[in-house]
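> Under our numbering, think of the first position of the sequence shown as 1, with each following residue one higher.
If you are wondering where the hints come from, they were derived from the structure by calculation, not from laboratory data.
Virtual Cβ for every residue (Gly too), placed ideally from N, Cα, C.
Incorrect hints may have been included.
[Said to hold, decoys possible] List of simulated lysine to any residue pairs, SDA-like, C-alpha gap at most 25 Å: (1) K4 to E101; (2) K66 to Q243; (3) K4 to Q221; (4) K66 to W231; (5) K120 to D92; (6) K4 to M61; (7) K4 to S30; (8) K4 to S31; (9) K4 to P82; (10) K120 to P57; (11) K120 to V209; (12) K120 to R132; (13) K120 to R147; (14) K120 to S65; (15) K4 to R128; (16) K66 to Y33; (17) K66 to D47; (18) K120 to G80; (19) K4 to T182; (20) K120 to Q146; (21) K66 to D92; (22) K120 to A78; (23) K120 to W138; (24) K120 to I102; (25) K120 to P216; (26) K120 to V215; (27) K4 to E241; (28) K120 to S31; (29) K66 to R128; (30) K4 to W231; (31) K4 to W138.
[As the list claims (entries may be wrong)] What follows is a list of derived Cβ distance ranges for each label pair: (32) N74 to D27: 19 to 25 Å; (33) P57 to N159: 25 to 31 Å; (34) P70 to S206: 36 to 42 Å.
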Amino acid sequence: MTTKTLFLAWQSTLTRRWLPVGRLTVDLASSLYEFTYINGVLQAVEDGQFEPLIDFPDITMRYRSKTLFPFFTNRTIAPGRPDFRQCLSQLDLPEGAGPLEILSVGGGQRATDSFEVSPKLERAPDGRFICRFFLHGWRHTNDDAQRRLDILHAGERLNLSVELTNPATRHALLIHTADYYTLGWAPHYLVQDLLRALIDANLECSANVVRLNPVPAPARQRLLIEFEGRWEDHEPMSSREFQPVAVSGSAAGRY
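Full structure from sequences and hints, please.
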């Protein structure tokens, strides 16, 4: 694979919805980075609070750079940090992991904003795929569920169910333990594709605990989950909201 694609999602403080707003594409052979806003940003603007990022002020422009944009660099883990190895361990990444791997798993979250980075879901020729994500919304579950969360172990099987009456997003995917404790939710920007996999593959889908990170790990990195499934005839992240906004020009060399 000569290119890698990451998506940037944003959570509205009004609706609490997570919306995909941008796409970072990397040509690994030439080390060329490109950022464009995607159509999900139009819904984010309509929600009334999203403003273009300082690094990317025009939502109709294509931004290019020979190095990773500062907006994303600032969301990785600097190798010089004293807790660098511990941070990689919390992401279940090897010591040699680079910035793109760290962003793909860690999400690049910061306490001062509501952005999250995730990799594009990739479909193998036979339709199978594997993705990892951190559990969303676990702090909004009840005390019994949070106590159950505290004793999860690596490899433990988890179940998913469809929620049709979620007050923020209407439809959502709930994450349960085998003994029926509701732990939280899958990220909303993955729901459409994961739901399609549940429909297509049925019992061939599985979700398992990769790692539980106790305090003082960041709350957004509490529980790392791996989902494995298969699509019959579906290209992930290809809906309109993931497509680039109509581009009016390009900006290069700023970085």
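> Does each hint hold? Answer for all of them.
Here's how the hints hold up against the structure:
no. : hint                    : verdict
1   : K4 to E101              : holds, 10 Å
2   : K66 to Q243             : holds, 23 Å
3   : K4 to Q221              : holds, 23 Å
4   : K66 to W231             : violated, 35 Å
5   : K120 to D92             : holds, 19 Å
6   : K4 to M61               : holds, 20 Å
7   : K4 to S30               : holds, 12 Å
8   : K4 to S31               : holds, 11 Å
9   : K4 to P82               : violated, 29 Å
10  : K120 to P57             : holds, 24 Å
11  : K120 to V209            : holds, 21 Å
12  : K120 to R132            : holds, 11 Å
13  : K120 to R147            : violated, 33 Å
14  : K120 to S65             : holds, 20 Å
15  : K4 to R128              : holds, 18 Å
16  : K66 to Y33              : holds, 6 Å
17  : K66 to D47              : violated, 33 Å
18  : K120 to G80             : violated, 28 Å
19  : K4 to T182              : violated, 34 Å
20  : K120 to Q146            : violated, 30 Å
21  : K66 to D92              : violated, 28 Å
22  : K120 to A78             : holds, 24 Å
23  : K120 to W138            : holds, 24 Å
24  : K120 to I102            : holds, 14 Å
25  : K120 to P216            : violated, 29 Å
26  : K120 to V215            : violated, 29 Å
27  : K4 to E241              : holds, 19 Å
28  : K120 to S31             : holds, 18 Å
29  : K66 to R128             : violated, 33 Å
30  : K4 to W231              : holds, 21 Å
31  : K4 to W138              : violated, 30 Å
32  : N74 to D27: 19 to 25 Å  : holds, 22 Å
33  : P57 to N159: 25 to 31 Å : violated, 44 Å
34  : P70 to S206: 36 to 42 Å : holds, 38 Å
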